Each structure stands twice: as structure tokens, then as C-alpha cells.
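Protein chains: 2
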Amino acid sequence: MNIGLDMMGGDFAPLEAVKGLQLYLSDNPHAAALFCIGDEAKVQPLLEEYGIVSPGLQVIHAPEVIGYHEHPTKALKEKQRSSIAIGFHLLATGKIDAFISAGNTGAMLVGAMFSIKTIPGILRPTISTIIPKLNGGTGLLLDVGLNADCKPEQLNQFAILGTLYASHILNISDPKTGLMNVGEEEGKGNLLAQATYPLLKENTQIHFAGNIEGRDIFSDKADVIVCDGFTGNIILKMAESVYDISLQRGINDAYFSRFHYENYGGTPVLGVNKPVIIGHGISNAKAFQNMIIVAEKMIQSDLCGKMAEQFRS
Amino acid sequence: MNIGLDMMGGDFAPLEAVKGLQLYLSDNPHAAALFCIGDEAKVQPLLEEYGIVSPGLQVIHAPEVIGYHEHPTKALKEKQRSSIAIGFHLLATGKIDAFISAGNTGAMLVGAMFSIKTIPGILRPTISTIIPKLNGGTGLLLDVGLNADCKPEQLNQFAILGTLYASHILNISDPKTGLMNVGEEEGKGNLLAQATYPLLKENTQIHFAGNIEGRDIFSDKADVIVCDGFTGNIILKMAESVYDISLQRGINDAYFSRFHYENYGGTPVLGVNKPVIIGHGISNAKAFQNMIIVAEKMIQSDLCGKMAEQFRS
Numbered sequence: 051m052n053i054g055l056d057m058m059g060g061d062f063a064p065l066e067a068v069k070g071l072q073l074y075l076s077d078n079p080h081a082a083a084l085f086c087i088g089d090e091a092k093v094q095p096l097l098e099e100y101g102i103v104s105p106g107l108q109v110i111h112a113p114e115v116i117g118y119h120e121h122p123t124k125a126l127k128e129k130q131r132s133s134i135a136i137g138f139h140l141l142a143t144g145k146i147d148a149f150i151s152a153g154n155t156g157a158m159l160v161g162a163m164f165s166i167k168t169i170p171g172i173l174r175p176t177i178s179t180i181i182p183k184l185n186g187g188t189g190l191l192l193d194v195g196l197n198a199d200c201k202p203e204q205l206n207q208f209a210i211l212g213t214l215y216a217s218h219i220l221n222i223s224d225p226k227t228g229l230m231n232v233g234e235e236e237g238k239g240n241l242l243a244q245a246t247y248p249l250l251k252e253n254t255q256i257h258f259a260g261n262i263e264g265r266d267i268f269s270d271k272a273d274v275i276v277c278d279g280f281t282g283n284i285i286l287k288m289a290e291s292v293y294d295i296s297l298q299r300g301i302n303d304a305y306f307s308r309f310h311y312e313n314y315g316g317t318p319v320l321g322v323n324k325p326v327i328i329g330h331g332i333s334n335a336k337a338f339q340n341m342i343i344v345a346e347k348m349i350q351s352d353l354c355g356k357m358a359e360q361f362r363s
Numbered sequence: 051m052n053i054g055l056d057m058m059g060g061d062f063a064p065l066e067a068v069k070g071l072q073l074y075l076s077d078n079p080h081a082a083a084l085f086c087i088g089d090e091a092k093v094q095p096l097l098e099e100y101g102i103v104s105p106g107l108q109v110i111h112a113p114e115v116i117g118y119h120e121h122p123t124k125a126l127k128e129k130q131r132s133s134i135a136i137g138f139h140l141l142a143t144g145k146i147d148a149f150i151s152a153g154n155t156g157a158m159l160v161g162a163m164f165s166i167k168t169i170p171g172i173l174r175p176t177i178s179t180i181i182p183k184l185n186g187g188t189g190l191l192l193d194v195g196l197n198a199d200c201k202p203e204q205l206n207q208f209a210i211l212g213t214l215y216a217s218h219i220l221n222i223s224d225p226k227t228g229l230m231n232v233g234e235e236e237g238k239g240n241l242l243a244q245a246t247y248p249l250l251k252e253n254t255q256i257h258f259a260g261n262i263e264g265r266d267i268f269s270d271k272a273d274v275i276v277c278d279g280f281t282g283n284i285i286l287k288m289a290e291s292v293y294d295i296s297l298q299r300g301i302n303d304a305y306f307s308r309f310h311y312e313n314y315g316g317t318p319v320l321g322v323n324k325p326v327i328i329g330h331g332i333s334n335a336k337a338f339q340n341m342i343i344v345a346e347k348m349i350q351s352d353l354c355g356k357m358a359e360q361f362r363s
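If you read the sequences in order, they're chains A and B. Heads up, the first sequence is in my numbering, so the first residue is 51 and it goes up one at a time. Heads up, the second sequence is in my numbering, so the first residue is 51 and it goes up one at a time.
Read the hints as simulated data drawn from the structure, not as lab findings. Some hints could be false.
Since the list can't tell identical chains apart, any single copy or any two copies may satisfy a pair.
Derived DSSO-like pairs (lysine-lysine); straight-line CA-CA distance at most 27 Å [to be verified]: (1) LYS336 / LYS251; (2) LYS238 / LYS129; (3) LYS145 / LYS167; (4) LYS183 / LYS287; (5) LYS347 / LYS336; (6) LYS271 / LYS238.
Model, not experiment: these values are computed from the prediction.
Using the sequences and the hints, build the whole thing.
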């Protein structure tokens with residue numbers, strides 16, 4: 051299994067990516083072959099400095115970088131020798147089995163959709179976030195921002211994608227899906243939620259657990275929560291801010307600590323043909339390590355293949 | 051000034067309402083005339099037990115109660131001798147200047163809209179919640195659930211209503227209004243947010259501060275945050291759950307404590323012709339006290355009159 055890692059993405063590139071590799075390799079010495087995509091002159095010395103040696107590790111030279119504020123489509127087209135463009139090229143041609151980057155999110159999404167492409171039958175890919183549950187478990191919320199406006203059919207597809215991710219990557223058996231809503235009973239909600247409820251109820255590919263209110267997000271009422279990307283993005287960022295506030299207030303609590311983004315690493319793009327993982331701009335070593343681990347699980351479980359199977363008509 | 055208080059609303063009725071009156075009167079012995087609407091046989095002995103004497107206090111007998119699970123319109127029609135029906139009758143006929151209840155929320159909303167009626171020019175009334183700001187201040191979020199689906203014009207009106215509430219009740223001078231959104235720049239968001247942004251930008255009745263992301267809700271970027279009721283209700287309930295979790299985790303923090311609903315008491319219905327305040331079902335003494343204080347401020351500042359003025363064409 052070959053994993054491609056963009057060494058030039060993230061605010062602390064390439065240092066944190068290098069330290070992430072070090073963490074990963076110290077736990078998994080006989081691990082995946084790692085393709086470190088980035089500026090050789092910057093990456094190689096750091097790999098040596100951190101004593102990173104692995105038979106499967108190689109540096110793929112990429113002299114260009116797509117900055118955070120560049121226009122995604124334009125940058126991908128014009129900077130074909132950038133780490134992100136090369137990463138997608140390697141992924142599309144089968145040289146790597148998964149691609150990870152903490153770089154320009156827009157470029158990662160455009161690359162995923164246009165070079166790797168959406169799985170046939172899926173209306174739109176989606177991005178998700180991990181929800182730490184009060185009971186110690188982990189849930190999944192999707193969409194968290196790729197699709198600000200959604201149709202009921204999309205939310206119904208997110209439920210299937212989320213169920214597969216929860217089963218195969220989070221190891222939740224028979225995950226329950228909830229519909230983000232403003233009341234418990236069927237018929238509650240905005241037009242989207244009202245129209246989505248019956249679809250989820252009749253969907254035999256998921257285990258539907260009904261509506262989930264704002265107060266239930268961290269409870270064990272549902273493992274997978276579906277919503278439009280506008281709502282999901284606000285929930286995600288609000289949860290991140292609660293974590294930041296708890297830090298600022300000097301609160302040291304094991305549950306609140308689980309909200310730190312580094313614990314889940316990054317967000318996979320679900321619904322495209324191959325594993326693509328997007329990291330937070332502020333990704334640190336632990337986040338990079340966790341993204342590599344998630345990529346590994348996605349490859350091992352053939353998650354994308356399983357998704358394609360579910361949508362084969 | 052005459053304030054009507056439904057003694058039969060809330061899970062702990064009429065005891066907590068009585069204790070709330072006691073708290074209120076101990077701070078304001080020469081305060082508003084209070085109309086205590088409820089079952090005389092239950093209310094009178096408690097008022098005596100708690101030594102509540104005030105020249106302006108009187109019990110208005112209401113032998114019926116509208117339960118939490120009753121259909122609002124049907125119950126209001128059939129139970130004309132219920133505390134909520136009598137409260138709205140007193141308010142509509144000018145016997146009281148504000149009406150407070152922690153009873154059936156639906157019945158309170160129906161009563162407000164059909165007996166007190168929406169201010170001419172306002173598309174739909176709205177309900178809001180107080181947001182404790184990290185800087186010690188207080189903000190307002192609206193709508194939080196009355197209008198699950200909104201039009202841009204409604205959000206633009208919420209901005210005006212929220213600005214007036216923040217100015218006159220929260221005493222914020224020149225309150226800034228933010229649009230709940232998923233990105234900072236104009237053009238971001240779902241169709242509703244995209245269409246609302248230019249309206250807010252051109253609205254000279256407010257001080258528009260741009261988009262507010264999920265991470266900014268508790269910051270001082272905006273004093274008034276507008277969104278559709280679906281989004282707002284999820285934010286409200288999620289914030290309440292964060293407070294509950296902090297309690298459950300044994301976290302004792304002054305900032306998180308400010309999330310306790312009792313501190314703001316209840317939610318006023320904004321956009322109707324007279325002050326109507328709806329309390330949480332679990333309202334305790336302090337919540338009742340605070341609702342009476344808010345009602346007082348709404349009457350004193352003639353908030354409803356000021357709202358009508360702004361919408362006079």
C-alpha cells in the first residue's frame with residue numbers, strides 16, 4: 051500500500067509533516083510505502099535531521115506550492131509541478147493509493163472531484179467531521195461545508211457514506227444514523243429536514259434513529275448525523291471554538307480535550323473514487339500521523355470500493 | 051405598569067413562579083403591579099406561605115391549565131379559562147402591559163400572533179436567545195426556532211428587531227449585526243445567506259459587521275447575529291448541551307456558568323405589538339425573576355412601540 055503525503059501543505063510545512071512521519075514510523079516500522087511529495091531541497095535535509103529512514107519511503111520532487119489564497123482551479127491548472135497537482139497525478143495513475151494534504155482546501159476538493167472523480171451514482175461528494183461522544187465513543191457529522199445547500203436525496207446519500215465510514219473506519223457495528231433537526235418527531239424541521247426524514251426512514255442501507263436535536267449531538271442517540279453543509283459547518287466551527295474557549299479558560303478536562311482537531315487528523319473526502327484526506331491548515335505532527343493512519347484504514351478496508359458497490363444500480 | 055405572570059406554566063408550577071415573585075419583590079418592593087394568573091386555590095396559599103405581600107399584587111383566578119402536549123390552537127380555543135388564554139385576554143384589552151409564561155410554547159406563540167398580532171410591516175415575529183460573550187458582554191441570536199425556513203427579507207427584519215432589543219434591553223450602544231455564515235467574505239454561504247448579505251449591507255437601520263462563522267459566535271465580532279430558525283435552534287440547543295456537559299464533567303467556570311438559561315430567564319417574542327415572554331419549561335425562581343425584569347424593561351423602553359416606528363412605511 052502506497053500513501054502520498056503532501057509535505058508542503060499546512061502552516062508549518064514541511065516540518066510538522068516530517069515530525070508526523072517520524073511519529074507514524076516509530077509506531078509502524080514496517081508500514082505503508084510513503085511518497086513524500088514536496089520540494090526536495092527542503093524535505094530531504096529535514097528527513098535526515100529527524101533520522102527518518104524507512105525502506106518504503108521516497109521523496110517525490112515537487113518544486114511548486116499552491117498557496118492558501120490561490121484560486122483552486124486556476125492554481126491546479128497552472129502549477130502542474132505543485133505538490134497537490136503531482137499528488138493527484140500519482141493517485142489518478144495508481145502510483146499511490148491515497149493522498150493526504152493540509153494545503154489549499156479548495157485545490158484538494160477540486161483535485162478530488164475532477165482528477166479522481168465522484169463515484170458513479172453519487173450526486174456530490176461530502177466532507178465530514180468526527181464528533182467525540184460523551185460516552186467515550188466517536189461519531190461522524192456530515193456534510194460540514196462542501197455542500198451549503200442540499201437536496202433531500204443528497205442527505206440520504208450522506209447517510210449511506212457516513213454509515214460505511216463509521217462501520218469500516220471508526221469500527222462501529224451497525225451505526226445509527228440521525229437527521230439533524232429542531233425537534234424529535236417526524237414532521238418537524240425546515241423543508242429540507244421534513245423531506246429528508248421519509249427517505250432516511252425507508253432507506254434499508256442504513257439504521258435510521260430519527261431526528262437529532264442540537265442538544266443530542268454529543269450523546270449516543272446517533273453515530274452518524276446528516277445535515278446540509280451550512281448547518282454542519284457552523285456546528286463544527288462552534289465545537290472547535292468551545293474547545294478553544296475551554297483552553298483559554300484554563301479548563302483541563304479529558305472530554306473537552308477530545309475536541310482537539312489533532313486527534314482525528316483531517317477530513318476525508320467521501321464519495322470520490324479514491325482516498326483523499328484534507329488536513330487542517332494548522333496541522334501538527336500528531337494530526338499528520340493520524341491522517342496517515344486514517345488513509346491506511348481507508349485503503350485496507352477498500353472503503354471507496356465498498357461505497358461504489360452500494361451505489362451500483 | 052402592570053405585568054401578567056402565568057403561575058401555572060413550567061414544570062414546577064406554581065411553586066417556582068411564587069419563589070420568583072419573592073426574589074423579584076425583595077429587590078423591587080415598589081415595583082410593577084403584578085397580575086398572578088392561575089388557580090387561586092393553589093396560588094393563594096403559596097403566596098401566603100412565602101410571605102409575598104405587595105400593594106400591587108393580585109391573583110387572577112384561572113381554573114384551567116393548558117398542558118405541554120396539548121395542541122396550541124385547539125387548547126387556546128377550548129380552554130378560555132386557562133391561565134394562558136386569560137393572560138392574552140388581559141394583554142389584548144390593556145389590563146396588563148406584558149405577559150409572561152413558562153407554559154406551552156406553542157400556545158404562547160399562537161396567542162402572541164393571533165391575539166396580540168404582528169406589528170404592521172413585519173413579515174413574521176421571531177424568538178431570540180441571549181449569547182454570553184467571552185469578553186463579558188451579552189449578544190443576541192435570532193431566530194432560534196420560530197421560523198425554520200426564512201426568506202432574506204425576514205433575516206433583514208430580524209436584524210432590525212435584534213438591534214432594537216440589544217439597544218434598549220441589553221443596553222448595547224450601536225450594536226453590530228452579523229450574518230451567521232460559513233465563511234468571512236461576501237458571497238459565501240448557502241443561497242439564503244448569499245441573498246441576505248446585500249440586504250444587510252444596505253440596511254441603514256442597522257450597523258452591519260459582516261459574516262459570522264461558527265467560531266465567532268461567542269466573540270465580540272457581533273452583538274446581534276441573524277440566521278434562520280433551523281440553524282439558530284441547533285446553535286441554541288448545542289450551547290445548552292455544552293453547559294450541561296460542563297456541569298456533568300464537574301467543570302466550575304464563571305464563563306460557562308453564564309450559559310445557564312436562568313440568567314436570561316426566557317425569550318421574548320419580537321415583532322408582536324406587546325411584550326410577550328416565553329419561559330423554559332424547567333424555569334426556576336431566578337428565571338421567573340429575570341423574566342419579570344425583562345418585561346419591565348420592555349415596557350419602560352416601549353420596545354414594541356419603537357419596533358412599530360421602525361417598520362412604519
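Now for the hints, and whether the structure bears them out:
no.: 1; hint: LYS336 / LYS251; in the structure: neither (39 Å within a copy, 42 Å between copies)
no.: 2; hint: LYS238 / LYS129; in the structure: between (48 Å within a copy, 25 Å between copies)
no.: 3; hint: LYS145 / LYS167; in the structure: within (17 Å within a copy, 67 Å between copies)
no.: 4; hint: LYS183 / LYS287; in the structure: both (17 Å within a copy, 16 Å between copies)
no.: 5; hint: LYS347 / LYS336; in the structure: within (17 Å within a copy, 52 Å between copies)
no.: 6; hint: LYS271 / LYS238; in the structure: within (17 Å within a copy, 32 Å between copies)
Against the hints set out earlier in the document, a violation occurs for number 1 only.
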